[in-house]
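Number of protein chains: 2
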Amino acid sequence: MSCPGVGVSPGTIPVYHGTTSMASDRRVRVVELILRCLMCSLAVAAAVLVGTDSQVREIFGIRKAARFTDMKALVFLVIANGVAASYSLIQASRSIASMIRGNVLFSKPLAWAIFSSDQVMAYVMVAAVAASLQSAVLAKAGQPELQWMKICDLYERFCTQVGEGIACAVLVSIGAVASSGISAYGLFRLYGSSKGEARPSW
Amino acid sequence: MSCPGVGVSPGTIPVYHGTTSMASDRRVRVVELILRCLMCSLAVAAAVLVGTDSQVREIFGIRKAARFTDMKALVFLVIANGVAASYSLIQASRSIASMIRGNVLFSKPLAWAIFSSDQVMAYVMVAAVAASLQSAVLAKAGQPELQWMKICDLYERFCTQVGEGIACAVLVSIGAVASSGISAYGLFRLYGSSKGEARPSW
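Going down the list, the sequences are from chains L and X. Just so we're aligned, residue 1 is where the first sequence starts under our numbering, counting upward by one. Just so we're aligned, residue 1 is where the second sequence starts under our numbering, counting upward by one.
Honestly, the hints are just simulated from the structure, not real lab data. One or more of the hints may lead you astray.
No farther apart than 30 Å at their CA atoms in a straight line, the calculated lysine-lysine pairs in the DSBU-like style are these [as the list claims (entries may be wrong)]:
| id | chain 1 | residue 1 | chain 2 | residue 2 |
| --- | --- | --- | --- | --- |
| 1 | L | Lys64 | X | Lys150 |
| 2 | X | Lys64 | X | Lys140 |
| 3 | X | Lys140 | X | Lys72 |
| 4 | L | Lys140 | X | Lys64 |
| 5 | L | Lys72 | X | Lys64 |
| 6 | X | Lys150 | X | Lys140 |
| 7 | L | Lys64 | X | Lys108 |
| 8 | X | Lys108 | L | Lys72 |
| 9 | L | Lys150 | L | Lys140 |
| 10 | X | Lys64 | X | Lys150 |
| 11 | X | Lys72 | L | Lys72 |
| 12 | L | Lys150 | L | Lys64 |
| 13 | X | Lys150 | X | Lys72 |
| 14 | L | Lys140 | L | Lys72 |
| 15 | X | Lys140 | L | Lys140 |
| 16 | L | Lys140 | X | Lys150 |
| 17 | X | Lys140 | L | Lys72 |
| 18 | L | Lys64 | L | Lys140 |
| 19 | L | Lys140 | X | Lys72 |
| 20 | L | Lys150 | X | Lys64 |
| 21 | X | Lys140 | L | Lys150 |
| 22 | L | Lys64 | X | Lys72 |
| 23 | L | Lys150 | X | Lys150 |
| 24 | L | Lys72 | L | Lys150 |
| 25 | L | Lys108 | X | Lys140 |
On the chain X side, residues computed to face chain L include the following (Cβ under 7 Å) [stated by the list, open to error]:
| id | residue |
| --- | --- |
| 26 | Tyr123 |
| 27 | Ala130 |
| 28 | Ala184 |
Chain L stretches covered by chain X per the calculated footprint, using a threshold of three residues with CB under 8 Å from any CB of chain X [what the hints assert, rightly or not]:
| id | stretch |
| --- | --- |
| 29 | 69-79 |
| 30 | 118-126 |
| 31 | 144-151 |
| 32 | 179-190 |
No experiment lies behind these values; they were computed from the predicted model shown. Cβ atoms here follow ideal geometry from the backbone N, Cα and C, with glycine treated the same way.
Just chain L, with the same shape it has in the complex (with noise of 0.2 Å):
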């Protein structure tokens, strides 16, 4: 008798739920080897558009200039899409060399080291679109009840690149949060039952 959904590859290895699962598992890797692509070059192009804007204004005959490290949040932005363009090529290049090779043992230590990593990335892209956006609004529209005045009419190039670099990196973290949940779909599976036949009592 053998075990439901536990089947013996031809090879040596045994595969654990079937050529159907084996099939499914090779678009994953697929989508994720995409995914992992697309969000180093976005986050490069991000990085690239904040990181180099910059632009001077004379006012009054005073030259006053416009850089990405007069917002905090701007910097940060630029250092987690680095960060994040260099992750995503590591786990690309991981990715291809896995493809390559064939089949490679999945270990669980190796998931949770994939799963935590994209989970900070995540997080970490997620926290600088929502700080950027923040400090985007405040100089399009100002705070005037705290006397922070809008500076986007004074600086409109430098407001238009900075909001085409964080247009990139929302998809970026959108990206980040989709590959965090293939890679917990890649953990925790090691953990589950066979085929939803169980029933967990919760």
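Fit chain X to the given chain L structure using the hints.
Just chain X now, with coordinates in the frame of chain L:
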């Protein structure tokens, strides 16, 4: 021949991987319940602390008031904590009900619903905390390059109370991240192999 890790309970409902896993499931359920109750209390505290905060000062004979509505990020924080408190209360009630009733069928659609709403809650809380921390840093230190002056020297009591509220919200967001991890475990193990004997190929 029995399948390894797939046992049958003394009752009529099959239980999925032995008594050790049942005991660990109960522990996870209790931890989740405690977490949700703590989150509910802390989210109420954060919403009340920030939402009721105001301070009136007289400057050169003119009465000026600081309120949480002066900063959009604080309004977002109050709303997010209100939602988190209600959501945690609903989830804690569901958890208590399932513990009282004993064995409840844990369906994939329900697991997906809990996982998705926990994910949304965690990311919304992290975003709200990041945005309000950014505002708090501006209020405390100002941004001289942009002529945004610090306001906490003027409204010290107001800033202290907002700080206490943000501290509570930071704890709520940590709780939300942890409970979203628990619900990811609850969902994705339903897609898993038995007891980690299988070796997926990635």
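So, going through the hints one by one against the coordinates:
1. L:Lys64 <-> X:Lys150: holds, 21 Å
2. X:Lys64 <-> X:Lys140: Measuring from Cα to Cα gives roughly 18 Å; hence the hint holds.
3. X:Lys140 <-> X:Lys72: With Cα atoms ~16 Å apart, Lys140 (chain X) and Lys72 (chain X) stay inside 30 Å; holds.
4. L:Lys140 <-> X:Lys64: holds, 24 Å
5. L:Lys72 <-> X:Lys64: holds, 28 Å
6. X:Lys150 <-> X:Lys140: It holds: about 5 Å lies between the C-alpha atoms, which stays within 30 Å.
7. L:Lys64 <-> X:Lys108: Violated - the C-alpha atoms of Lys108 (chain X) and Lys64 (chain L) are around 58 Å apart, more than 30 Å.
8. X:Lys108 <-> L:Lys72: violated, 43 Å
9. L:Lys150 <-> L:Lys140: holds, 5 Å
10. X:Lys64 <-> X:Lys150: Given that 30 Å is the threshold and the Cα spacing comes to 15 Å, the pair holds.
11. X:Lys72 <-> L:Lys72: Holds - the C-alpha atoms of Lys72 (chain L) and Lys72 (chain X) are around 18 Å apart, at most 30 Å.
12. L:Lys150 <-> L:Lys64: holds, 15 Å
13. X:Lys150 <-> X:Lys72: holds, 17 Å
14. L:Lys140 <-> L:Lys72: holds, 16 Å
15. X:Lys140 <-> L:Lys140: holds, 21 Å
16. L:Lys140 <-> X:Lys150: Answer holds: Lys140 (chain L) to Lys150 (chain X) is near 19 Å, not above 30 Å.
17. X:Lys140 <-> L:Lys72: Distance of about 13 Å is within 30 Å: holds.
18. L:Lys64 <-> L:Lys140: OK: Lys64 (chain L) and Lys140 (chain L) at ~18 Å, within 30 Å.
19. L:Lys140 <-> X:Lys72: holds, 13 Å
20. L:Lys150 <-> X:Lys64: The given pair, whose Cα atoms are some 21 Å apart, holds under the 30 Å limit.
21. X:Lys140 <-> L:Lys150: The given pair, whose Cα atoms are some 19 Å apart, holds under the 30 Å limit.
22. L:Lys64 <-> X:Lys72: holds, 28 Å
23. L:Lys150 <-> X:Lys150: holds, 16 Å
24. L:Lys72 <-> L:Lys150: holds, 17 Å
25. L:Lys108 <-> X:Lys140: violated, 44 Å
26. Tyr123: holds, 5 Å
27. Ala130: holds, 4 Å
28. Ala184: This hint holds: Ala184 (chain X) lies near chain L, its Cβ roughly 4 Å from the closest one there, short of 7 Å.
29. 69-79: holds (count 4)
30. 118-126: holds (count 4)
31. 144-151: Holds: 6 residues of the stretch 144-151 of chain L have a Cβ under 8 Å from chain X.
32. 179-190: holds (count 8)
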